[in-house]
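Colleague: Single-letter residue listing:
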Amino acid sequence: MATSSQAAFNRQLKRYYSFYTGGFVAFVILLAIAESLGLPRVWIGYIFLFATIGLYAGIGIMSRTADIAEYYVAGRRVPALFNGMATGADWMSAASFIGMAGGLYLQGYDGLAFIMGWTGGYVLVALFLAPYLRKFGQFTIPDFLGARYGGNIPRLIGVFAAILCSSTYVVAQIYGVGLITSRFTGVEFGVGVFLGLAGILVCSFLGGMRAVTWTQVAQYIILIIAYMIPVVALSMKFTGVPIPQLVYGTVLEKLDKRTVELQKDAKELEVRGIFKDRAAKLNEQVKGLPASFEEQKAAVAKKLEELKATNAPAGQIKAAEKAVADFPKSVDEARTKWTAAARADTGRAAAPFIHSEPFVGATEQVRDNKRKNFLALIFCLMVGTAALPHILMRYYTTPSVDEARKSVFWSLFFIFLLYFTAPALAVLVKFEVYQNLVGTKFTDLPAWVASWQKVDPSLLRITDVNGDGIVQLAEIVIGQDIIVLATPEIAGLPYVISGLVAAGGLAAALSTADGLLLTIANALSHDVYYKMIDPHASTQRRVTISKILLLGVALVAAYVTSLKPGDILFLVGAAFSLAASAFFPALVLGVFWKRATKWGAVAGMVVGLGITMYYMYTRYPFFGVNAPLWWDIQPISSGLWGVPLGIVTIIVVSLLTPQPSKELQELVEHVRYPHLRGDIDTRAT
Amino acid sequence: MAIQLTAKHAEYWHKNLTITAILLAIWFVVTFVIGYFAIQLNDIRFFGWPLPFYMGAQGSLIIYVLIIWYYARYMNRLDRDYDVAEGED
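In order, the protein sequences belong to chains S and U.
Be aware that the first sequence starts at 1, since it is given in our numbering, and climbs by one per residue.
Be aware that the second sequence starts at 1001, since it is given in our numbering, and climbs by one per residue.
Each hint should be verified, as a subset may be incorrect.
[Said to hold, decoys possible] Partner residues aside, some chain S positions facing chain U, computed with beta carbon under 7 Å: (1) Y109; (2) T119; (3) V123; (4) L127; (5) P358; (6) V360; (7) E364; (8) Q365; (9) V366; (10) D368; (11) V401; (12) F409; (13) L417; (14) F420; (15) Y620; (16) P621.
[What the hints assert, rightly or not] Computed spacing ranges between beta-carbons, pair by pair: (17) S:R41 with U:I1039: 40 to 50 Å; (18) S:F592 with U:R1077: 38 to 48 Å; (19) S:K302 with U:I1039: 29 to 39 Å; (20) U:Y1070 with S:F160: 46 to 56 Å; (21) S:D332 with U:L1024: 31 to 41 Å; (22) S:V477 with U:R1077: 52 to 62 Å.
[Stated by the list, open to error] Derived coverage of chain U by chain S (criterion: at least 3 residues anywhere in the stretch with Cβ under 8 Å from a Cβ of chain S; other residues may be distant): (23) 1005-1016; (24) 1028-1037; (25) 1044-1055; (26) 1065-1078.
No lab work stands behind these hints, which were simulated from the structure alone.
All residues carry an ideal CB built from backbone N, CA and C; glycine is no exception.
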């Protein structure tokens, strides 16, 4: 492509997206005016939902294509800046957008593993992968494995791994879509899933990578605006400075001081004591099973009788009736229920920890353990970032190698904007809770507390445990998602901004799901169908097959999601460790070590992926095996075993097998230099 | 058509490996070394933040962005200097 037309295209894109951003801002302002004139909240939720999904579908229709290079890699003319935005949206999932600030609130310093892990991985992408993959210039990641190592076996393992990690990840995203749509519009979870899916499909189905790219740019703009407005407003309220990232250090200092006060506060100690007693009593009951089962059952029933006899207030009678109805049906059920309740109460009996202190723990060993897992998690998230096919694929879409390098910079820059804001948001909200909410009378709780308690008690629940009519910190149970969701109300912003935040979360979830579904469908249609089953298929047929597979994959993924399997963190964590151990060693050694052979790569991928899957299966409580941990490493960081073992295996087996053919070695030279005179051309068309 | 690799090409690749190693070392120090010594470094203050918290929440992220920016600039110039840049055909 001539440079002048690329420059014109670039200018045109900038103009379009500037108009679009202005239009979107105007749309939000109009809604705000409508709200002040009395537009009901439910309507605002619906308008945001349908307007944004309609917008994405519109971009999808405008970008529809049947051209193979457009469908798979957006015609390889996405400028670095825009590819950066698209990667940002592709990257930031519902978990980043909604869950991360809350995770930081709950975990303090230790939660920063996610912040560093999910950004520092781009250093590895930039240094080891993006420019080389771009020079290679085909369509998928298994393409590279197939070409570099020769033969269908490395490609097939790549296909298997790509599908495995993308599908565990995509289920988490579609779950997020369902959650957001159902929470903000009141439709049922399952309906929300399929509604969101319709938005994803119109877009990727018609236009493949091309439509997904331009939609993701639009989604990035929405999600970053939605994230920033509430945080800036909150920062203005607390510090008077609109750039919270610069000034929250002082708030953090105050928060830590306040935490020390609360650790020793007499009322707090009283409440924590109550929870300690409750936990002790529950543990007693568990020990006393099965005899204690009948005793407790009788006690619960007796209490209800007494209350009824004395004409106690209706609220108390209702609670006692509920206790009778919810009483465990069997001894086994009682054991699980009571054990879980005891664990929860023990947790609530613990003193608050200093937010900024690393690796809080009672003993040296606990602290050391936390540090080990912190570093292991960072390692797995970073290497996983540099191995997830849906991210690496994006660097096939830039016009040249130097644009690919710049584009990694833009990607991380746009991701960084959200990631360095989240810790600031967590500290600001935590300070609001510790300083202002704690000590309020139950009769004058702020409006946001009352409304969120009603919406979802798992997000926020405050009960007057010691009956003094005043909120203590130990009486507050907070779910991580509420931090981002409630920020607009805490900052005193109109409901429109809450709707905007929901639209931002939806954009984050949809854009990631789009990229992942495309990765899965392309692995099947391009790598399996075209490269292995029917290499003579016409381009027309290839695109059609891709689209049919995409539809199939999406429906299966939505169906699996509607069954609500496992927890989100498990799925996301698993995807990173799986990708890291399957792809990273073979991809990086494939570029940096000419001697790496086909059998070395095959063995390395199988061993790395195998050990990671084995460790996950035997250690995740989800699967119920619960074998003892190796070196105290949590199963979320299984990749800590898979990655090094994969690298060692590739090296050992490669040295034991004959060196790669001359052609394969020339391919390595080819990807190392952006341009060589008289070189082969590996770009796929 | 065989590739003609000259001593200049080898030098280009060698320079690439050197800068990659240097930047990777910086990445390693800001991430893992500071993380490992977080408890010991916790008393050092940086504009109100304890140093390890600042690095984890902001400082190392800024360094990551700068590493990638510098690598892109350095390599894109190296491509031109060693006549391996794309674009003339």
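Colleague: Looking back at the hints listed earlier, which ones does the structure fail to meet?
Modeller: 6, 7, 8, 9, 10, 13, 15, 16, 18, 19, 20 and 21
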